[in-house]
Amino acid sequence: MLAQVAATSPQPQLEARAVHLWRGEKHLLRGVSFALYSGELLQVVGPNGVGKTSLLRCVAGLLPTESGEIVWQGRQLPEGRDEFHRELAYLAHVNGLKSDLTALENLHFGVSIRRPVTTEELRETLQVLHVEACADLPVRALSAGQKRRVALARIMLTRAALWILDEPITNLDKAGIALFEARIAEHMRAGGMILTAAHQLLLQGQPGVRTLELR
Amino acid sequence: MQSSIPTTPGLGKILMLVLARDLRLAVRHWDQVLQPLIFFVIVTTLFPLAISPALDELRKISPGVVWVAAMLSSLLALESLFRPDVEDGTMEQWVLSGQPLSLLLLAKTLTHWLLTGLPLVLMAPIVGTALGMPQSVWPVLVATLALGTGSLSVLGAIGAALTVSVRRGSVLLALLVLPLEMPVLIFGARAVDLAMHGEPVAGPLNLLAALLLFFVSLGPFAMAAAMRISVES
Numbered sequence: 001m002l003a004q005v006a007a008t009s010p011q012p013q014l015e016a017r018a019v020h021l022w023r024g025e026k027h028l029l030r031g032v033s034f035a036l037y038s039g040e041l042l043q044v045v046g047p048n049g050v051g052k053t054s055l056l057r058c059v060a061g062l063l064p065t066e067s068g069e070i071v072w073q074g075r076q077l078p079e080g081r082d083e084f085h086r087e088l089a090y091l092a093h094v095n096g097l098k099s100d101l102t103a104l105e106n107l108h109f110g111v112s113i114r115r116p117v118t119t120e121e122l123r124e125t126l127q128v129l130h131v132e133a134c135a136d137l138p139v140r141a142l143s144a145g146q147k148r149r150v151a152l153a154r155i156m157l158t159r160a161a162l163w164i165l166d167e168p169i170t171n172l173d174k175a176g177i178a179l180f181e182a183r184i185a186e187h188m189r190a191g192g193m194i195l196t197a198a199h200q201l202l203l204q205g206q207p208g209v210r211t212l213e214l215r
Numbered sequence: 216m217q218s219s220i221p222t223t224p225g226l227g228k229i230l231m232l233v234l235a236r237d238l239r240l241a242v243r244h245w246d247q248v249l250q251p252l253i254f255f256v257i258v259t260t261l262f263p264l265a266i267s268p269a270l271d272e273l274r275k276i277s278p279g280v281v282w283v284a285a286m287l288s289s290l291l292a293l294e295s296l297f298r299p300d301v302e303d304g305t306m307e308q309w310v311l312s313g314q315p316l317s318l319l320l321l322a323k324t325l326t327h328w329l330l331t332g333l334p335l336v337l338m339a340p341i342v343g344t345a346l347g348m349p350q351s352v353w354p355v356l357v358a359t360l361a362l363g364t365g366s367l368s369v370l371g372a373i374g375a376a377l378t379v380s381v382r383r384g385s386v387l388l389a390l391l392v393l394p395l396e397m398p399v400l401i402f403g404a405r406a407v408d409l410a411m412h413g414e415p416v417a418g419p420l421n422l423l424a425a426l427l428l429f430f431v432s433l434g435p436f437a438m439a440a441a442m443r444i445s446v447e448s
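Chains as they are written, first to last, in our numbering: chain A, 1 to 215; chain B, 216 to 448.
Do not rely on the hints blindly, as some may be mistaken.
[Unchecked claim] Here are the computed distance ranges between Cβ atoms for each label pair:
1) L226(B) with H93(A): 26 to 34 Å
2) V431(B) with L203(A): 46 to 54 Å
3) R383(B) with Q200(A): 31 to 39 Å
Calculated directly from the structure, the hints in this document are not laboratory data.
Cβ coordinates follow ideal geometry from the N, Cα and C atoms, glycine included.
For reference, chain B alone in the conformation it holds in the complex (with noise of 0.2 Å):
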């Protein structure tokens, strides 16, 4: 029995298995889903009633709401990647699986975007609309929010590993994480602006090509690393 070491499945197959349970707990659980995207959608519903209905105005700050909000609603869904598996012992099986710790947190860090981060990819042209972006600039909203919602998530899912076992840590998360972010913010923000006023984009876009790349790359570890000091307190 102890001689011979069971066949363990490949990482593909893991990385599958994860994807396939949390898409199914999301299933059970939609509505918490939906908080984020509904966040989104209010908290930029907010600045025409604040600032000013007339477009002009408001087109020349709806690339930074547009971003900023996304920012927010992303840090929002955190608290919700991690957390529920720790509590109920099922990172703790995971830890001890014998498995690599980083692919099975990047796996679920994976499902979280699919979850939270891309429904506002999708959701941002009908939100830059309302604030008046014109259509032209579409296709480099959503891909700047496609690249930076990504890193959003993995440097979320570093802190939200390292403050999972602190009580009442949201706050905590968002002081850590924020700095981290500012410059996804700085190029996405920039970039959607650019394009608004005709300019090439390319510069700021491969930068954020550059920081997801980065961010897929070493977070995992980061995370893993992370996640191991919070369970062992």
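Just chain A, with the same shape it has in the complex (with noise of 0.2 Å):
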């Protein structure tokens, strides 16, 4: 906890405070704290099958805690909801893409419901993850890696201050891992919070970049 005060912001932005959650005869979350400040990274680690996913479903309002609370600049949620989740930009295991739409399509009508986006910005974006080419595709024709690039492009398009990432490097190469390891960071230094359940640790020792362990 003492490491925290050396974050960059005094009130963290999003907090969980003793988080419990059964999922059926299994009691998955035991009081789960955490508190994630203004330009940080908070890697959830664990065995398969502890309940990261169930952790950020939780944070996400996707999932209804047993008891604990989540809170969100101050505000505990389910109040301010909708603003919550104007602010946040969720990446669930599947990409949540049409496979009968283009990657552009995609991007179009996922972040659109969000905020006025440009065509431009949609390709802009797709080149920084270097899938411009697939730009024009139906998403079923793109690769398990090519789609998981599209799906973090609309992360980044919704302009959320909190990324929250089931294993977001999942299929991706190691060219893709280090263009998305920048992106992250970038977010950070702007402000912005991330929140991923990982296998693989993401910009390991540098500074804001935490774990919290699910046992």
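With the hints as a guide, dock the two chains, each given alone in a separate frame, to form the complex.
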């Protein structure tokens, strides 16, 4: 806890306090607490089935907690849920892409329901992630890694302050991981926050990067 | 970055976006979109074969046949309403978009009706004629189906949102939705029947319109609540 005093902002933006969750008979999350400050990356680690995805879904508001509090900017959810969701970009295991639409169409519909966006901006972001050649192909025709890159492009385009990413680098190659780490670092420098579930840690040893171990 | 809440698009804009997206998807999946319509035509064709080709006999049952076939056809179409979006993760994105989920789902239901309900309405006079319905009944048939299939779409969408997380939930969906749809069927078939006997149809037509208004105004909130429960599991 002491380490957090050195963090960039004195007030945590996002806080989980003693979150408990049962899935059926199983007591999955047993009083998980963390605080996330502006400009930080928190990576949730732990073996398969320990509840990393469930914790992320709880924080995002997709799963109700049995007990405990999720606090965003001082307000306990679900109070101010819509404002919270406008500041949140969530990436699940599935990419949330329509296989019959092109990458560009997917991004257009995915981002436009949150904010107005131009086609140039969409193409630029695809270029940043080196998938500009896939822009006009149906997502069905892309490789698993390319799909993931398009899904990450959507996260970047939402301009949300908080990114919650479930295993974001699944299927990415080394170059893709390096590209994405650079984007994450940029997001942190701009004051953004990232909460991930991960088996492979990103930006290890960098300032503002922490891990939370579930057991 | 966090301090400025990005400007969000208006509700009308969102409605148009969902409409445009689903229409574009439908164009690329036109074979699936046509299925309920083909089902409707085939089911109504079975009755002359099974009962009697005599128009006098068919005429008596034609309002009921067209209406039951329309109802089953709209039920068949529900499977494709929310399931694809839930399975590929799009629905989660919508739930977390900060936009009113009820509006997003209503827009989806409206598009779905345009693609699966409206073709039934337009096809109904042809099917009706094949069953011996006089031409004079066409306007009433089209009006009742236009009002009725709208109600069926909204009611079905509530059921579809509730059962979308259930594997092979289509039978459950039918058991859930069909009893609720009975008033629509009763008033719809009754209005056509009255019209065939040359009697006034304002009563049942007004009731159908009232049902549609009721379902469209309250249904989206039920859909959104049901969808949140389904996405949670």
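We went through each hint and held it up to the structure:
{"no.": "1", "hint": "L226(B) with H93(A): 26 to 34 Å", "verdict": "holds (31 Å)"}
{"no.": "2", "hint": "V431(B) with L203(A): 46 to 54 Å", "verdict": "holds (50 Å)"}
{"no.": "3", "hint": "R383(B) with Q200(A): 31 to 39 Å", "verdict": "holds (36 Å)"}
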